[in-house]
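There are 2 protein chains.
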Amino acid sequence: MATLLKNDRFLKALLRQDVDVTPVWMMRQAGRYLPEYRELRSKAGNFMNLCQNSELACEVTLQPLCRFDLDAAILFSDILTIPDAMGLGLYFETGEGPKFRKPVRTEADIDAIPVTNAEKDLPYVLDAVSLIRKELNGDVPLIGFSGSPWTVATYMVEGGSSKDFATIKSLMMNSPELMHLLLEKVSLSVIDYLNAQIRAGAQAVQIFDTWGGALSPHCYKEFSLAYMEKIVAGLIRENEGRQVPIIVFTKNGGLWLETIANCGADCVGLDWTINIADARRRIGDKVSLQGNMDPSVLYAKPEKIRAEVGMILEQFGSGAGHVFNLGHGIHQHVDPEHAKVFIDAVHELSAKYH
Amino acid sequence: MATLLKNDRFLKALLRQDVDVTPVWMMRQAGRYLPEYRELRSKAGNFMNLCQNSELACEVTLQPLCRFDLDAAILFSDILTIPDAMGLGLYFETGEGPKFRKPVRTEADIDAIPVTNAEKDLPYVLDAVSLIRKELNGDVPLIGFSGSPWTVATYMVEGGSSKDFATIKSLMMNSPELMHLLLEKVSLSVIDYLNAQIRAGAQAVQIFDTWGGALSPHCYKEFSLAYMEKIVAGLIRENEGRQVPIIVFTKNGGLWLETIANCGADCVGLDWTINIADARRRIGDKVSLQGNMDPSVLYAKPEKIRAEVGMILEQFGSGAGHVFNLGHGIHQHVDPEHAKVFIDAVHELSAKYH
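Residue numbers (the numbering used here), protein chains in the order written: chain A, 2 to 355; chain B, 2 to 355.
Keep in mind that a hint or two might mislead.
No copy labels: a pair is met if it fits in one copy or bridges any two.
Each computed EDC-like pair below joins lysine to aspartate or glutamate, with the alpha-carbon atoms no more than 20 angstroms apart [claimed, not checked]: (1) Lys302 <-> Asp345; (2) Lys252 <-> Asp165; (3) Lys305 <-> Glu178; (4) Lys222 <-> Glu37; (5) Lys341 <-> Glu178; (6) Lys121 <-> Glu97; (7) Lys252 <-> Glu120; (8) Lys164 <-> Glu97; (9) Lys305 <-> Asp165; (10) Lys341 <-> Asp110; (11) Lys103 <-> Asp336.
Treat the hints as calculated values from the structure; they're not laboratory data.
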């Protein structure tokens, strides 16, 4: 029997089932735009200390739910926990984003990295998931997540963030077999990791493919989408008597929606560069859609935020299969009051479409 | 009567007229990947000294043509010459890209900036155009260019490069009338600037909309495309007895090709995230297409470069209306020999499609 959930709108909408109002959450909803997050992070010393301490990770996960009427919680963690567990030495330099002490570039490097085992290598993540589920007490579902193999690999090979992905694209083009070996190891690690999150209590999972959109169409299929397909095929699809929906989100993937919608996931995430009416026409009979307001709209005045929410709801139109979200993570300089206006507007303005 | 051109493939292909082989040039073909460029720039002291000295700008423009069998030259300059001439104080910090000493953010700032007059405010650009034309001696056509108003405005408002365009998007959403006033002034300046380049000898012009793709579809139309349309409508379309084709290139604009193709330009530039066969099917009966190999392919081995060129030619298929290019500027760490392989491959492998 399914465990009780006081609010299951999010899970229902992911599976294109009827709901009373459109559910909403925000990518990076637990994060730097919240003063209570900044306070906790400053106490913790750094970002990884927050991730690796299950009680702190739980507290951070729940912070936005205390403020806003969100329809889902998302595990507070990072897409680079897996390569960190592989021994690459993740660290964060102020203002420069994530870096690795030991980037992976040669055949020997790739041979040497292990496939991770979450129970053994990433227990802090699983402990956080269990603790968050306990603290949520059935209020809303908890989303687990991982980076896509391609996206995670960009950081592993480049050694950090990159503008044009010169190193990994060179590897991809000059040694595709090595690139595939690396992506294979990351994929196996991701499957194990997401399944462990599901067993620990994640009720839906999202794969973040932040950098798939930097590839040409045929490289996207071969080096990013193929591995997300493999992951989706390897995931636990039912737990606690309930289906575990899978969301795949490729930023800048709007041109490739049809192929993405065929990867086996239940829901496709959209960034803000596509009109969601077009997306629904193209793939809405196959999967649900998540998105897609430009996060920058949260810099606007409340009436403008409401107008944009109304426009996107109108574009999607009537019926099931829409989870409202931003088209990317919430920006750090957004006023939390504007996030509240956004979330309330989704619930208030969407009732008439259901 | 049209002035003589020894090679007019590029102009013909832009107008969808028959050619013997597919013409090719590279965005940023005069630039840092060439050792002779780095030498000249180091002598000049900095980038703006190179742009502002017509003889040096001419020399840099011609450098890639000495090495490669290119079908067009492009004026060596920068998309930020106009705001520099408006008095914003352009400078370049090593490794950080362009910056402005006086960014434009308030109503007073926007009121204060002038519409520029190229003959008076940017004579160094026009002198460079005349000189390059003279030195080219009819070998290949010369392309003039400008940034799109939206793209230029992002730098003016942000004060430099930006990741999420928080400042300009706030301005756009909270004070759209001010945003329009700024874009209007930039547009009028661009029309004057491109027409002056045409009168000085530019035989085709390209509008670079590098950051239009950061907008949502409706904001793209209102704040970027509308101003490119206005510019296209204001340009000299015939000079020296020959049509002056206009290319519009919005990076990450693949979802909006139909509306872009309606802006009045002769050619639409494509980045590498779209399959050019799809682009041709969508808009190829209306405009010519320019693109679209991922610049990172030039990191690959010669045989791989040739294979990618062959694939894109095959995707476009037979007939007129294709100018081969990279999907964005050539990267600075590319081996010039690989650029040569690329250019020669386009000519060699394309003959059978004409």
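Comparing the hints with the structure gives:
1. In the homo-oligomer, the alpha carbons of Lys302 and Asp345 lie at most 20 angstroms apart inside one protomer (14 angstroms), although the nearest pairing across protomers, at 54 angstroms, exceeds that limit.
2. Taking the shortest Cα distances, Lys252 and Asp165 sit within 20 angstroms of each other both inside one copy (15 angstroms) and across copies (14 angstroms).
3. Taking the shortest alpha-carbon separations for Lys305 and Glu178, only the inter-copy value of 14 angstroms comes in at or below 20 angstroms, while the best intra-copy value is 50 angstroms.
4. In this homomeric assembly, Lys222 and Glu37 never come within 20 angstroms of each other (Cα to Cα): the closest approach is 41 angstroms inside a single copy and 38 angstroms across copies.
5. Taking CA atoms no more than 20 angstroms apart as the test, Lys341 paired with Glu178 passes in neither setting, with 48 angstroms inside one copy and 27 angstroms between copies.
6. When the C-alpha separation of Lys121 and Glu97 is checked against a cutoff of 20 angstroms, the pair qualifies neither within a copy, at 30 angstroms, nor between copies, at 42 angstroms.
7. Taking identical chains as interchangeable, the C-alpha atoms of Lys252 and Glu120 are never at most 20 angstroms apart, the minima being 30 angstroms within one chain and 43 angstroms between chains.
8. In this assembly of identical chains, the alpha carbons of Lys164 and Glu97 lie at most 20 angstroms apart whether taken from the same copy (12 angstroms) or from different copies (12 angstroms).
9. For a Cα distance limit of 20 angstroms, the shortest separation of Lys305 from Asp165 across copies, 19 angstroms, qualifies, whereas the shortest one inside one copy, 34 angstroms, does not.
10. For the homomeric pair Lys341 and Asp110, neither the shortest alpha-carbon distance inside one copy (46 angstroms) nor that between copies (32 angstroms) is at most 20 angstroms.
11. With identical chains, the CA atoms of Lys103 and Asp336 are never at most 20 angstroms apart, being 37 angstroms at best within one copy and 26 angstroms at best between copies.
Comparing the model with each earlier hint shows violations of hints 4, 5, 6, 7, 10, 11; every other hint is respected.
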